[in-house]
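There are 2 protein chains.
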Amino acid sequence: MRRSISDRIEQYLKVLINRSDAQQIEIQRAELAETFSCVPSQVTYVLSTRFNGKDGYITESRRGGKGFVRITHVSTKARDCSHLHEDLQEMIAHMLEDRHMQESEARFIKYLLPALFEDMDEEQQQLVLTSMIKAIVRYNRLQSE
Amino acid sequence: MRRSISDRIEQYLKVLINRSDAQQIEIQRAELAETFSCVPSQVTYVLSTRFNGKDGYITESRRGGKGFVRITHVSTKARDCSHLHEDLQEMIAHMLEDRHMQESEARFIKYLLPALFEDMDEEQQQLVLTSMIKAIVRYNRLQSE
DNA sequence: ATAATAAAGGTCAATAATGGTCAAAGGAGC
DNA sequence: GCTCCTTTGACCATTATTGACCTTTATTAT
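Protein chains in written order, with the working numbering: chain D, 1191 to 1335; chain P, 1191 to 1335.
The hints are simulated quantities; they were obtained by calculation from the structure and are not laboratory data. It is possible that some hints are incorrect.
[To be verified] BS3-like, lysine-lysine: derived pairs with alpha carbons at most 30 Å apart:
hint, chain 1, residue 1, chain 2, residue 2
1, P, Lys1204, D, Lys1244
2, D, Lys1204, D, Lys1244
3, P, Lys1244, D, Lys1204
4, D, Lys1204, D, Lys1256
5, P, Lys1244, P, Lys1204
6, D, Lys1244, D, Lys1256
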């Protein structure tokens, strides 16, 4: 669906990162630009718009001979979510770490949910949490398409 | 007289959506306008009058090169509830205007709610909506301090 | 060691390619 | 004529692409 060169570079890099062991890759800017037949500065553009801290990525680089750009996806190992209803705050923090949620969203939900749950019994809370996980997964899929 | 251009655009888009796997399509505004020999803003008009949240549709877009408009049809169950849902959408819109809420938060909630309501009966939905509205009001107050 | 040179990556502003907004004009059915 | 929906267009906002010029680092020549 997403067809611009920037989109394709983004996709390409994210696949590489996901396949990597440490959620980290190193690339050559000029080489990548060559691969996608674009100017090197477009790679910089993609990095700054799609791999910034807000999106859960850290980029470092070195100029000159043997230069490189390193991209790291900061995330912790996914955890078992079977007991979500027991510790809501922890769950949200966890999702935030895993970048299944953005900073601003997390902050919002963090505030919203306790207020929501005030009026709900445990069963209802569990229902809401389960649905929410599903929704977030779907949302995430849409975002990363 | 024959149906209006807006009607025909609506029909066209709905057929495309129904035929799609994920009840979701992406179009180019200018291209669609060209197809129907109208100005691009008429497409925007159709989207806002026939594909808004009230009708069970979510639209997202991106400007600039290789921009697009994405239309998603959300399930009927999710929107067949009380006026509270509409009220909430309106609140979100207002908060966006007043910058008491971020785009990403609003987008997130728009996705979250239908999925959340999928598994809930009307009574539960009402409870959630009421609590959410209360919570948002409080959140709003905190933000504006 | 130092100076020159080559080999990276970075910045920034101009331009192009989209979609959005809003208010005014048009038109069909009372 | 009045009202509501539609149609239009001028102007706006956002995102992508490109290229000239700059900075940093490694390598080579003296």
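_Hints violated by the structure (listed by number, smallest first)_ = Per hint list: 1, 3 violated.
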